[in-house]
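Those protein sequence lines, which keep their order, are chains A and B.
The letter at position 362 of the first sequence is residue 362 when you use this note's numbering, and the numbering goes up by one with no holes.
To convert, take the position in the second sequence, counting from 1, and add 1000; that gives this note's numbering.
Keep in mind the hints are simulated off the structure, nothing from the lab.
By construction, the Cβ of each residue, glycine as well, lies at the ideal position given by its N, Cα and C atoms.
Hints are not guaranteed to be accurate.
[As the list claims (entries may be wrong)] From chain A, some residues computed to sit far from chain B (all C-beta separations above 10 Å):
id: 1; residue: Ile26
id: 2; residue: Val64
id: 3; residue: Ile185
id: 4; residue: Leu188
id: 5; residue: His249
id: 6; residue: Phe306
[What the hints assert, rightly or not] To give a feel for the contact side, a few chain A residues facing chain B, derived at Cβ under 7 Å:
id: 7; residue: Leu60
id: 8; residue: Ala77
id: 9; residue: Arg97
id: 10; residue: Ser135
id: 11; residue: Thr137
id: 12; residue: Asn153
id: 13; residue: Pro154
id: 14; residue: Pro158
id: 15; residue: Tyr203
id: 16; residue: Phe300
id: 17; residue: Trp364
id: 18; residue: Val365
id: 19; residue: Asn370
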Amino acid sequence: MQNVEEFEDFEERKGSWLTGGRAALILVVLALVISAFFVEDWHQLISIATKPDNIPIVALIPLVIFFTWLGMKQARANDELAEHLQADPQLAKTHHRKTQPWRPGWARELHVWPYLIRIEFLAAIIVTVILYVWSITLNAPLEEPANPNLTMNPSKAPWYFLGLQEMLVYFDPWIAGVVMPSLLIVGLMVFPYVDSNPLGNGYYSWRQRRFAVSMFLWGFFMWIALIIIGTFIRGPGWIWFWPGQRWDHNAVVYDRNRDLHEIFGITSMPGKLVFGALVVGGFYFVGGLFFHWLMKRSRFKFRYLFHPREFLHWAKTSDEFESKILARTSILQYLTFQFFAITVLLAFPIKLILRLVFTIKYVWVTPWFNI
Amino acid sequence: MEPERPDGPDVKTEEGQSKATALIEKAREQGLALRDRAKKEFEGYKDPQQTQLWKSIFRVSHDRSDPRNRSLAVLSNVFLHLHPAKINRDATRYSFTWGMGGITFYLFIVLTFTGVLLMYYYHPVKGAAFRDILYLEHDVPFGKLLRNMHRWAAHLMIITTWLHMFRVVLTGSYKRPREFNWCVGVVLLVLTMLLSFTGYLLPDDQLGFWAVTVGTNMARATPIFGHEGPFGPQLGMTPYNDVRFGLLGGSIVDANALLRSYIWHCIGIPLVASIFMAVHFWRIRKDGGISGPAPVMLESEMKALKK
Ligand code: HEM
């Protein structure tokens, strides 16, 4: 720990306008502007985006961005308050410990009637107005009568299930359609039970709960990203068309996909079986190490990307607070978390990259199932 | 206004005449008394809260000066008594809950209402189903609006459910003692999506048909219970007895699937979802109400683990 002082001066370099968030925003805007030049078929892009059944997903994107911002803004205010109070124990004893205004003599509780009922009423009116406007301006779709002999192409699930349909590309149906959804449900249910951090109960906070919040965001954003892929990118034959690329209804993609063992020239069944088991086992091992490393990191700063020495230091030192939280975690909590994190959060993007970038179909082939 | 007094001259009159005058006098007096009573009673009606009818319905007056009345207004009302009488002053801000749970519930009510109206026009029968939708769109007064509202409210409810869950994560509200209510919420999340999905088939058009075909084809591959899933065939699963057959009431998406979808959509899932919502709301109260905005806890105050 003696090299901590050596890096202390880095903390001073505050005030740069280029924060991580802003840099990301600039990159996104830049990427959008540049990609606009590559759109060859605006008409198709717009017709997808304005299809009445796709309006909810188009609306969901700004909504998620807005509410992430709204939550993070409050988290930041609370974090600053906590830091302030931490530094001033005397104040911590007397302060009401909220960012909301407070004066001595104010009642801590309000009557539900009328103070809550009236805003509920207002919310109901606003939602009703939105629904009326939406329903008057946009008609629910109605296609031709159902016809089993005329396949719809592409035949898409409703947008909220497109994540599962997209998973079908990367996994066999029993995993994508049955195992993954079950794991998602159970994984969500165990979430409160594996989070051993007692802080941040009932207020927005980022610094006190970085790991838990980022794990949820990872899953949540991944789910939304899959829906966006399913809505805007998948065309006829479930082929990958970039947004704005003209759908080619006759496109055929030659199945260039290989299994991982083929790359290593393994042909015998026992060989494949053992090889696949080793690969999957190795993946769980490395994945476990990765999450173990990740959960002890301190806050990542954007500038680490440009300062390898600082990055290395960040990567090597475990954070004191996060280590304290880890020490409170029971072995069962830890293993449960690791299982879901590796199986859902990590396996999925890895498989996606293997398939889309390296055109690898299965990593483990057995006579009974393929993964 | 005093009626004019017939001031008779001071002349001796006949017996009968004086009797009649007395009678008239008496009647007049009674009439006046009745008028006064009516006047007084009418004054009372000016304040409806004092009427027997009002009191029998609402039990409490809305006299604002009495805080007890405000509490009673909530506690003695079956719809409002979901709420406590008082809440954390900061919890009434939209910025904390975003109102998302409440909006989700409101949308569920809107969907129930519009859904029941739609049921009056819909037959879950092949052929008739599609025609009923056309009928709704073109002939039923406000039928199109009704259908649109039902559909968009359903989509909106999915979005608000996700955002509600998102808020609960960001505020750490799933933490002790609310872990179980979070699980109830996860069940509600799944039910909400299933509700929407089962409704998708009902217009019996290409969109719904193929979405449900794709969706239920996955069920073929269920391990053990599907005829194409791992270990399924070995355990005797065929297209005619596996889990997909059970969902569709057949081996293809057809009349039975339509009926099953309809019943799950209109009766089965709403019933289960209502029960879970009742539990969800009950638990919010039992867990001490909304979790915050709670006072910020400090790192230094983290209690040592009880071993
Ligand atoms: C049909 C869906 C749902 C309805 C109608 C519903 C309704 C509500 C309502 C009205 C509240 C009060 C606070 C607020 O408005 O935010 C609430 C709180 C809560 N909900 Fe839900 N909810 C639903 C789904 C969910 C889901 C999907 C989750 C989580 C996975 C969840 C977890 C919770 C928790 C933990 C609380 C307590 C929050 C606190 O104390 O701050 N609910 N819910």
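Hints, one by one, checked against the model:
no., hint, in the structure
1, Ile26, "holds, 25 Å"
2, Val64, "violated, 8 Å"
3, Ile185, "violated, 6 Å"
4, Leu188, "violated, 5 Å"
5, His249, "holds, 16 Å"
6, Phe306, "holds, 30 Å"
7, Leu60, "holds, 6 Å"
8, Ala77, "violated, 10 Å"
9, Arg97, "holds, 4 Å"
10, Ser135, "holds, 4 Å"
11, Thr137, "violated, 9 Å"
12, Asn153, "violated, 9 Å"
13, Pro154, "violated, 9 Å"
14, Pro158, "holds, 6 Å"
15, Tyr203, "holds, 5 Å"
16, Phe300, "violated, 19 Å"
17, Trp364, "violated, 13 Å"
18, Val365, "violated, 13 Å"
19, Asn370, "violated, 10 Å"
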